[in-house]
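**Student:** Sequence:
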Amino acid sequence: MDNRNATASWSGYLHQGKVGMFLSLQKINDCLLNDKDFNRITMEYESAEDIDLKLGNVVISRHQVKAYKNAEYPNDYIDVLSKQKYEIENGKRKLIQKGFQIMKYNEQSGEYELEVDEESRFLHVINEVKGFNMDKVEFESTYKRSKYVPNDNNIKLYKYPDGKDFCPLRKDDNDNLKEFCIKEIEKILHSQDHIYKNDRSHCEYIYYELLNLLDTEIRINHIEGKYPKILFEDIINIVTSIEKKKNQALNIIRRSFVECWDKFVYDLEINNITVSDEHFRKTESVIKDLNYLDDAQFIEFLMKINIHRVIVPDEITPEDVPKICSVDAFNEIFYSILIQVDSLEFDKNIVGYDFGEGYLLTLINQKPARIGSLLNDLISKKYSVEKIYNEKYLINGHIDNHFIGEKIDEVAATNSVNWNREVSLDNIFYLSKMHLIKVETAIEKLNEES
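In the working numbering, the protein residues as written are 1 to 450.
Calculated directly from the structure, the hints in this document are not laboratory data.
Heads up, the beta-carbon is just placed ideally off N, CA and C, and yes, glycines get one too.
One thing to keep in mind: the hints can contain errors.
Claimed, not checked - Derived DEER-like restraints, expressed as beta-carbon distance ranges:
hint, residue 1, residue 2, range
1, N39, K282, 37 to 45 Å
2, K147, D173, 34 to 42 Å
3, K94, I273, 36 to 44 Å
Input sequences plus hints: build the corresponding full structure.
**Tutor:** Dropping the structure here:
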């Protein structure tokens, strides 16, 4: 796996969405400050470039977002700084030189028309770009070993609220873009004298709901083959609503799910773990598809991987998030299996692998000494377990090669203090073939099957 490309691909996907939402919130605040109408303004995603802010067909500003971790000089962004060039081939336009799209093609006249003025073309980067604003003479005398690239389109590096013309990717709990977004949300709430204007937790929930709005638009338009588009009117309605949304927790879980994967990819990179480009793309596609599930399907997914927990869809709270979406369990079990089993197709319907003997991925991460407590939890969820009756293996973090029905007898016989349920011979675990199998054993067996 080209680690730079992997980081640029996945982390850039998350980063780009946050940039778009930040730009939208910032523009709304600018309009509020200057008493301008903003309800008809839209944020278009991945149309002409990564992000457009538009009023009707008029481009207010256009933005490219590049999450190149190892980029240092303008030459690393030559595809942005160059002018686009086309040639006609078999009566159709063919792009022969990439560049920032500042012109639009008029098919009736066959000519190009300026679409984005010089003050509205922005490049967003995650590292400092050395010598970006230097002329050729100054650059070549300062950076003798780097190639000078002219900025023919007069692209500007975007300057963020902290005064820097770059914004790093999220790392652990350091998420600058999240903070920038929350500050803009707070500004809006203060300008409206909102009841939650001083409630930081409410602002965080709004932030997650806005990202979910974007993810939902991406999901819907991905299916329909269209470009995602969000009205500022929809953004302001979410920000200024006085209702505590019942799906706040689910929005946080969705974001935690993809950010867990983001961290996992980062760990792959720093530990120099090699994964083929093809398999990485397939795994990334699985993560995106799961994240793009509608709410009901996503909750069903959560219930399957949390087969040991009682999850009542309408009663999930933000306090439940660390348990339902355990970072350690996702990294050590779920993502580890996806990335290390490279020759079998992951089945999103069963959330695992199915080739005669079903393997279900779970977030069960208890140590072997806690097996009594775990079995008690599983039995209490008998009716949920019935849905996975035909799966032979429950992939978990630490407990290996145990037939669950047999372990019930062993644990019950010890009169463990963790055991407080009557064991019935018609229990589903006696009738099924279900085993607990730990990650390492599952990876070995699955790769052998291929």
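**Student:** Is the hinted range of 36 to 44 Å satisfied by the C-beta distance from K94 to I273?
**Tutor:** Hint holds: Cβ distance 39 Å, inside 36 to 44 Å.
**Student:** Falls inside 34 to 42 Å, the C-beta gap from K147 to D173?
**Tutor:** Taking Cβ atoms as reference, K147 and D173 lie about 38 Å apart, which means the hint holds.
**Student:** Cβ-Cβ distance between N39 and K282: within 37 to 45 Å?
**Tutor:** 41 Å Cβ-Cβ, so the 37 to 45 Å window holds.
Of the hints listed earlier, there is not a single one the structure fails to meet.
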